[in-house]
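Number of protein chains: 2
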Amino acid sequence: MITGKNYIGNTTTANGNKTFKTFNPQKNTENEWAFTEATSADVNKACELAANAFKTYSKVSGAKKAEFLRAIATEIENLGEELLNVYCLESGLPAGRAAGERGRTLSQLRSFANHVEEGSWVEATIDTAQPDREPLPKVDLRKMNVSLGPVVVFGASNFPLAFSTAGGDTAAALAAGCPVIVKSHPMHAGTGELVSSAIIKAAEKTGMPNGVFSNLNSSGIEVGQELVQNSNVKAVAFTGSLNGGRALYDLAAKRDEPIPVFAEMGSINPVVILPKALENRASDIAKTYAGSITLGTGQFCTNPGLILAIKSEGLTNFVNTLAEEIVNIEPSCMLHPNIAGAYEKNKEKALSQNGIDILAEHSENVQPNFAKQVVTTVEGKTFLENETLHHEVFGPYSLVVQCKGEAELREIISKLEGQLTGTVISDDTEISNYVDVIHELENRVGRIIFNGVPTGVEVCPSMLHGGPYPASTDSRFTAVGVDAIKRFVRPFSFQDWPNELLPAALKNENPLGILRTVNGKKTTKKI
Amino acid sequence: MITGKNYIGNTTTANGNKTFKTFNPQKNTENEWAFTEATSADVNKACELAANAFKTYSKVSGAKKAEFLRAIATEIENLGEELLNVYCLESGLPAGRAAGERGRTLSQLRSFANHVEEGSWVEATIDTAQPDREPLPKVDLRKMNVSLGPVVVFGASNFPLAFSTAGGDTAAALAAGCPVIVKSHPMHAGTGELVSSAIIKAAEKTGMPNGVFSNLNSSGIEVGQELVQNSNVKAVAFTGSLNGGRALYDLAAKRDEPIPVFAEMGSINPVVILPKALENRASDIAKTYAGSITLGTGQFCTNPGLILAIKSEGLTNFVNTLAEEIVNIEPSCMLHPNIAGAYEKNKEKALSQNGIDILAEHSENVQPNFAKQVVTTVEGKTFLENETLHHEVFGPYSLVVQCKGEAELREIISKLEGQLTGTVISDDTEISNYVDVIHELENRVGRIIFNGVPTGVEVCPSMLHGGPYPASTDSRFTAVGVDAIKRFVRPFSFQDWPNELLPAALKNENPLGILRTVNGKKTTKKI
Numbered sequence: 001m002i003t004g005k006n007y008i009g010n011t012t013t014a015n016g017n018k019t020f021k022t023f024n025p026q027k028n029t030e031n032e033w034a035f036t037e038a039t040s041a042d043v044n045k046a047c048e049l050a051a052n053a054f055k056t057y058s059k060v061s062g063a064k065k066a067e068f069l070r071a072i073a074t075e076i077e078n079l080g081e082e083l084l085n086v087y088c089l090e091s092g093l094p095a096g097r098a099a100g101e102r103g104r105t106l107s108q109l110r111s112f113a114n115h116v117e118e119g120s121w122v123e124a125t126i127d128t129a130q131p132d133r134e135p136l137p138k139v140d141l142r143k144m145n146v147s148l149g150p151v152v153v154f155g156a157s158n159f160p161l162a163f164s165t166a167g168g169d170t171a172a173a174l175a176a177g178c179p180v181i182v183k184s185h186p187m188h189a190g191t192g193e194l195v196s197s198a199i200i201k202a203a204e205k206t207g208m209p210n211g212v213f214s215n216l217n218s219s220g221i222e223v224g225q226e227l228v229q230n231s232n233v234k235a236v237a238f239t240g241s242l243n244g245g246r247a248l249y250d251l252a253a254k255r256d257e258p259i260p261v262f263a264e265m266g267s268i269n270p271v272v273i274l275p276k277a278l279e280n281r282a283s284d285i286a287k288t289y290a291g292s293i294t295l296g297t298g299q300f301c302t303n304p305g306l307i308l309a310i311k312s313e314g315l316t317n318f319v320n321t322l323a324e325e326i327v328n329i330e331p332s333c334m335l336h337p338n339i340a341g342a343y344e345k346n347k348e349k350a351l352s353q354n355g356i357d358i359l360a361e362h363s364e365n366v367q368p369n370f371a372k373q374v375v376t377t378v379e380g381k382t383f384l385e386n387e388t389l390h391h392e393v394f395g396p397y398s399l400v401v402q403c404k405g406e407a408e409l410r411e412i413i414s415k416l417e418g419q420l421t422g423t424v425i426s427d428d429t430e431i432s433n434y435v436d437v438i439h440e441l442e443n444r445v446g447r448i449i450f451n452g453v454p455t456g457v458e459v460c461p462s463m464l465h466g467g468p469y470p471a472s473t474d475s476r477f478t479a480v481g482v483d484a485i486k487r488f489v490r491p492f493s494f495q496d497w498p499n500e501l502l503p504a505a506l507k508n509e510n511p512l513g514i515l516r517t518v519n520g521k522k523t524t525k526k527i
Numbered sequence: 001m002i003t004g005k006n007y008i009g010n011t012t013t014a015n016g017n018k019t020f021k022t023f024n025p026q027k028n029t030e031n032e033w034a035f036t037e038a039t040s041a042d043v044n045k046a047c048e049l050a051a052n053a054f055k056t057y058s059k060v061s062g063a064k065k066a067e068f069l070r071a072i073a074t075e076i077e078n079l080g081e082e083l084l085n086v087y088c089l090e091s092g093l094p095a096g097r098a099a100g101e102r103g104r105t106l107s108q109l110r111s112f113a114n115h116v117e118e119g120s121w122v123e124a125t126i127d128t129a130q131p132d133r134e135p136l137p138k139v140d141l142r143k144m145n146v147s148l149g150p151v152v153v154f155g156a157s158n159f160p161l162a163f164s165t166a167g168g169d170t171a172a173a174l175a176a177g178c179p180v181i182v183k184s185h186p187m188h189a190g191t192g193e194l195v196s197s198a199i200i201k202a203a204e205k206t207g208m209p210n211g212v213f214s215n216l217n218s219s220g221i222e223v224g225q226e227l228v229q230n231s232n233v234k235a236v237a238f239t240g241s242l243n244g245g246r247a248l249y250d251l252a253a254k255r256d257e258p259i260p261v262f263a264e265m266g267s268i269n270p271v272v273i274l275p276k277a278l279e280n281r282a283s284d285i286a287k288t289y290a291g292s293i294t295l296g297t298g299q300f301c302t303n304p305g306l307i308l309a310i311k312s313e314g315l316t317n318f319v320n321t322l323a324e325e326i327v328n329i330e331p332s333c334m335l336h337p338n339i340a341g342a343y344e345k346n347k348e349k350a351l352s353q354n355g356i357d358i359l360a361e362h363s364e365n366v367q368p369n370f371a372k373q374v375v376t377t378v379e380g381k382t383f384l385e386n387e388t389l390h391h392e393v394f395g396p397y398s399l400v401v402q403c404k405g406e407a408e409l410r411e412i413i414s415k416l417e418g419q420l421t422g423t424v425i426s427d428d429t430e431i432s433n434y435v436d437v438i439h440e441l442e443n444r445v446g447r448i449i450f451n452g453v454p455t456g457v458e459v460c461p462s463m464l465h466g467g468p469y470p471a472s473t474d475s476r477f478t479a480v481g482v483d484a485i486k487r488f489v490r491p492f493s494f495q496d497w498p499n500e501l502l503p504a505a506l507k508n509e510n511p512l513g514i515l516r517t518v519n520g521k522k523t524t525k526k527i
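Protein sequence lines correspond, in order, to chains A and B. The UniProt record's numbering applies: residue 1 is where the first sequence begins, and numbers increase by one. The UniProt record's numbering applies: residue 1 is where the second sequence begins, and numbers increase by one.
Chain A with its partners taken away, still in its complex shape:
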């Protein structure tokens, strides 16, 4: 049952005098539940509880954290159909997507559980003492990753489950030993509350300290600002717009004690189609990309918003087929009227730029909040001269840039902002002739794809989801996959520390049986 209250640790509150409702974009009506905005006192209380919980939670064993994470997954499953229904009512996304995203969320929680249960992720490194070393004895030093402190997670509008309340950021932070305070996304506050109830149940059942998790409702920006500025908070994770992410980054950087902000922001995910691929299979590529551009109403952060190719007959065939295919796809619902409105506004701005030609636009009337997909094209030179064209239009929109040659293609790539992904469509051998183009692309992205589509982010250890700014605020970390845990830890050294007082991961006898680096060698042996 949805109450509209905040979770301040395991207590629910509704102290504020402002409420807001979520919106059903499919029906174009408000949903029934009223959510009470968190107050400044709620923010302070949640942060204090988190700081206090950190003292014990940061020392909880990997096995116990795994139990907690698995219990969260079980409790989310126990929410049953209600969760999937509310998800759909608050996002306009179809039931299949709801079930799929829940599956991904559960598997993320369980993969972090396995990761911390196994335990080698702490990167234990041991250099034993050499008391007889000349000219000075060598001390005993042992290093491992320890948790950073309370983490604030901002729910993402486009992933109500997998990147929100118990999504990848929360799972990574809890796995790292950091209490989490979620600033719930106002577009799916009901989904967030249900998932929060599951997390709190799991925390209570597995004996985790009060304050290990809180969930704050807010439709404005103040609660988020207060959270980022609270001195008990030690890191921030955010998925959303460039404006929002940068504002939080700036706030965090201005603190007396600056803290890391992991903001995953916009990206236009350039796709480079090489000439022979266009010559041999322009039509197939166009069909595939018509699907990728409109997948999830273009609301994935890896949506291919920019297609780059050198002018040729093949490119003409490609754009013609893309135009035909894209209008045949049935328009679908966006997440919220605000997002549909922003899509229209940004699309109009892009379409009004000099030199932009519309290749195809879905022209029939659509229901409110449904997006009409558009593909456009422009000359390489015009694209280079107009930075407006380099920015994301969040939704089912893509721009095909027609370059006059390889040099222009390379220059365009070198001038792009940082991106989550870059894709190369190539016939098997021709890519070897474009080494410099590929190197430029590598410098601008976090993940490079061969003969595929950027949409579809596999959750596995080799995934890097992030990239040079502004794709993310810190290209040195991934937001997807178990390595996301690295965002919320710091290495810590013990010098000549008594064995019985060392954490299990660093004890001589290696009671956890983890893989460690001992005097320069990887081993699971005891010392």
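No wet-lab data here; the hints were simulated from the structure. Keep in mind that a hint or two might mislead.
If chains are identical, the list can't say which one is meant, so a pair holds when it fits in one copy or spans any two.
To be verified - Listed below are the simulated BS3-like cross-link pairs for lysine-lysine, each with C-alpha atoms no more than 27 Å apart in a straight line:
| id | residue 1 | residue 2 |
| --- | --- | --- |
| 1 | 201 | 59 |
| 2 | 486 | 59 |
| 3 | 138 | 287 |
| 4 | 486 | 138 |
| 5 | 507 | 522 |
All values reported here derive from a predicted model rather than from experimental measurement.
Using the hints provided, position chain B relative to the given structure of chain A.
Same frame as chain A, now just chain B:
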């Protein structure tokens, strides 16, 4: 021979119309050489060359980078006595320290050479494809660390070799595949020029691209500011004051594309002495600490500036012995008149605070630029109420805080700023009675030491040199040891990339024979 010129890649320049000289603090006179300030054009040129060099240098093999790093070490050795002489003339440090610090610098360069030659540091992670997976096929994903881009290194005043021109930051960045631009420290610009000549020789001998290294002279702050703001620069390493480090951090955070700044700044390195240790061996501890406080004229970043203990007869014995011992130590020379002047000023400020008692102060006349060591004491309550007492006095100064009990001791630790180190002096068993005190201390530091002194930073993989702000701007990385390379890389994923085009570290056949994570298992086997 010292020319006073800048190195812009492998070209020397003296385009500026301002010059400055270094200073011999032992003789209290200027040194003979005049150094020409780098101009804005020099800054831009060095950054452009670095960006261009990055294109090839980032692809250089580990074996070739190792050759380059070892050649730098050899060329530094080839500078012979001249380097050690200039070091002493510019720092006032003794000849033994010069030789020792050169040895450390060479061994750092060679340890990074070994690290990148072996190659497993790139953390290659491979998840092979599962084309038959249901409901969707799994793509092939391979991740490894790649270099971040040109790095600006600020030379440190207190380590003219080991944390300056070819010091730990430069060695780590070059090992990572990043070109380096050094903002030479104006107090030892001659030492810096000699070392730069060695780096340039090594780069030419091993065929590294022009621009892989530059060295810019400057006695002001503008050159450093311009470097940090240059869009070709992708990371900054700095060792120095809180004011300096924070100013650079703020500049970097305000860029259109914010970049990471690794600033290692001040620290007072709290030492907690437990009651039984004081009861049993107050005098021995005092003697040891009199040495640690005055080591290198108190100019190490790990100098013990704060000693915390609970009032007892043992503590009275400790402070009395510390007072006797400290004045018996011969005063020594500071690095520069500015540093000696700042020591006097900061010391006077500390001594003028209410409730501060001087335990001992070296009172005889000393030569110019020599530091008179001081130890003071204060009540716990007074320390808690006056934040001025929490700040570093850079030099041979330490403050003993006398706490009324364990609760006050713990509260004091919880209120300290972030620190590089924390030390616990304990008799073997009593530490188990102070678990909460130790946990508070762990939260405030990067390295914790049992029954030792914080001075003496062992260079080995298990060392963490860094800590919560303001000890450093990013507690998630170390400035000492081979893991310092992690500051200058980002993970990068290849999806379905053709084997022949993958970097060697990720190819099926594992030609480098490195340890990789393949489908979740650590292995050196081919796929």
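Going through the hints against the structure:
1. 201 x 59: For residue 201 and residue 59, only the intra-copy Cα distance (21 Å) is at most 27 Å; the inter-copy one is 51 Å.
2. 486 x 59: both (17 Å within a copy, 26 Å between copies)
3. 138 x 287: Answer is between; shortest inter-copy Cα gap is 21 Å, intra-copy 65 Å.
4. 486 x 138: between (29 Å within a copy, 24 Å between copies)
5. 507 x 522: both (15 Å within a copy, 22 Å between copies)
Going through the hint list in order, the structure satisfies each hint without exception.
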